[in-house]
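The hints should help you fit chain B onto chain A, whose structure is shown.
Sequence order for the protein chains is A and B. Taking this note's numbering, the leading residue of the first sequence gets 1, the next gets one more, and so forth. Taking this note's numbering, the leading residue of the second sequence gets 1, the next gets one more, and so forth.
Hints are computed from structural coordinates only; laboratory data are not their basis. Everything numeric in this text was worked out from a predicted model, so none of it was measured. Please note: incorrect hints may appear among the correct ones.
Said to hold, decoys possible - Partial list, derived from the structure: chain B residues whose beta carbon lies under 8 Å from chain A:
1) Gly43
2) Leu44
3) Ser85
4) Ala86
5) Phe89
6) Gln98
7) Leu99
8) Trp101
What the hints assert, rightly or not - Computed cross-link-like contacts, DMTMM-like style, restricted to lysine to aspartate or glutamate with a CA-CA straight-line distance of at most 20 Å:
9) B:Lys110 to B:Glu15
10) B:Lys52 to B:Glu63
11) B:Lys56 to A:Glu105
12) A:Lys11 to B:Glu42
13) B:Lys52 to B:Glu69
14) B:Lys106 to A:Glu44
15) B:Lys60 to A:Glu105
16) A:Lys11 to A:Asp24
17) B:Lys68 to B:Glu16
18) B:Lys77 to B:Asp55
19) B:Lys68 to B:Asp55
20) A:Lys11 to A:Glu85
21) B:Lys110 to B:Asp84
22) B:Lys52 to A:Glu105
23) B:Lys110 to B:Glu76
Unchecked claim - From chain A, some residues computed to sit far from chain B (all C-beta separations above 12 Å):
24) Val4
25) Asn52
26) Phe65
27) Val116
Where a beta carbon is used, it is the ideal one built from N, C-alpha and C, also for glycine.
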Amino acid sequence: GAGVSQSPSNKVTEKGKDVELRCDPISGHTALYWYRQSLGQGLEFLIYFQGNSAPDKSGLPSDRFSAERTGGSVSTLTIQRTQQEDSAVYLCASSLVPPGLAPYEQYFGPGTRLTVT
Amino acid sequence: GNSVTQMEGPVTLSEEAFLTINCTYTATGYPSLFWYVQYPGEGLQLLLKATKADDKGSNKGFEATYRKETTSFHLEKGSVQVSDSAVYFCALLNSNYQLIWGAGTKLIIKP
Numbered sequence: 001g002a003g004v005s006q007s008p009s010n011k012v013t014e015k016g017k018d019v020e021l022r023c024d025p026i027s028g029h030t031a032l033y034w035y036r037q038s039l040g041q042g043l044e045f046l047i048y049f050q051g052n053s054a055p056d057k058s059g060l061p062s063d064r065f066s067a068e069r070t071g072g073s074v075s076t077l078t079i080q081r082t083q084q085e086d087s088a089v090y091l092c093a094s095s096l097v098p099p100g101l102a103p104y105e106q107y108f109g110p111g112t113r114l115t116v117t
Numbered sequence: 001g002n003s004v005t006q007m008e009g010p011v012t013l014s015e016e017a018f019l020t021i022n023c024t025y026t027a028t029g030y031p032s033l034f035w036y037v038q039y040p041g042e043g044l045q046l047l048l049k050a051t052k053a054d055d056k057g058s059n060k061g062f063e064a065t066y067r068k069e070t071t072s073f074h075l076e077k078g079s080v081q082v083s084d085s086a087v088y089f090c091a092l093l094n095s096n097y098q099l100i101w102g103a104g105t106k107l108i109i110k111p
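Next up, chain A with everything else stripped away, as it sits in the complex:
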């Protein structure tokens, strides 16, 4: 079946502009995660959704970052007033069951490479 998809695959934006990154999880997966992969910081957890709710937003680096999920499916990560340090690959993952239940595996999308100039 189809895996996790993300769009766009690449995004170049000017400093100060807002960007929206989209994630389509695997159909039927209840949990959805956003991570950031950057040269200086490695892989960082950003936010996790169970259904449409985000019980854990602790990883969002600043209030310029927000995310929502609708219909228990598609999620959008929004970065307002982008800064150069936001340049990274943004990864989305989904899992069939909520954390704490088995089998627990996260499946990753190919990522969106964001470059802020």
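Only chain B this time, still in chain A's reference frame:
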């Protein structure tokens, strides 16, 4: 807090060599442990996992054993191939259900 430490790369080996990539962790309790692989130009893929002490995860000839005593989850393969060239990430699932990642180890296999 929770953390994962991996051996720094790149690791360069010849084809058919034995591979070990070290991974140690710091955590409260006994988190589930994972190895993910990222092939060039591709997304992260789960390679193997272990959910409790002494469990051995295995896949595609790779193995890793959850060692509580040494807080380790080293990745091993008996005979590597050029197609195994990739970046390998060790990770743990913390009590807040976040994946905490190691820095990644780039593996280069020469024919």
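Evaluated hints:
{"no.": "1", "hint": "Gly43", "verdict": "4 Å, holds"}
{"no.": "2", "hint": "Leu44", "verdict": "4 Å, holds"}
{"no.": "3", "hint": "Ser85", "verdict": "19 Å, violated"}
{"no.": "4", "hint": "Ala86", "verdict": "14 Å, violated"}
{"no.": "5", "hint": "Phe89", "verdict": "7 Å, holds"}
{"no.": "6", "hint": "Gln98", "verdict": "4 Å, holds"}
{"no.": "7", "hint": "Leu99", "verdict": "6 Å, holds"}
{"no.": "8", "hint": "Trp101", "verdict": "4 Å, holds"}
{"no.": "9", "hint": "B:Lys110 to B:Glu15", "verdict": "6 Å, holds"}
{"no.": "10", "hint": "B:Lys52 to B:Glu63", "verdict": "15 Å, holds"}
{"no.": "11", "hint": "B:Lys56 to A:Glu105", "verdict": "16 Å, holds"}
{"no.": "12", "hint": "A:Lys11 to B:Glu42", "verdict": "17 Å, holds"}
{"no.": "13", "hint": "B:Lys52 to B:Glu69", "verdict": "12 Å, holds"}
{"no.": "14", "hint": "B:Lys106 to A:Glu44", "verdict": "18 Å, holds"}
{"no.": "15", "hint": "B:Lys60 to A:Glu105", "verdict": "17 Å, holds"}
{"no.": "16", "hint": "A:Lys11 to A:Asp24", "verdict": "17 Å, holds"}
{"no.": "17", "hint": "B:Lys68 to B:Glu16", "verdict": "30 Å, violated"}
{"no.": "18", "hint": "B:Lys77 to B:Asp55", "verdict": "17 Å, holds"}
{"no.": "19", "hint": "B:Lys68 to B:Asp55", "verdict": "10 Å, holds"}
{"no.": "20", "hint": "A:Lys11 to A:Glu85", "verdict": "14 Å, holds"}
{"no.": "21", "hint": "B:Lys110 to B:Asp84", "verdict": "10 Å, holds"}
{"no.": "22", "hint": "B:Lys52 to A:Glu105", "verdict": "15 Å, holds"}
{"no.": "23", "hint": "B:Lys110 to B:Glu76", "verdict": "17 Å, holds"}
{"no.": "24", "hint": "Val4", "verdict": "8 Å, violated"}
{"no.": "25", "hint": "Asn52", "verdict": "17 Å, holds"}
{"no.": "26", "hint": "Phe65", "verdict": "16 Å, holds"}
{"no.": "27", "hint": "Val116", "verdict": "22 Å, holds"}
The structure shown violates the earlier hints numbered 3, 4, 17, 24.
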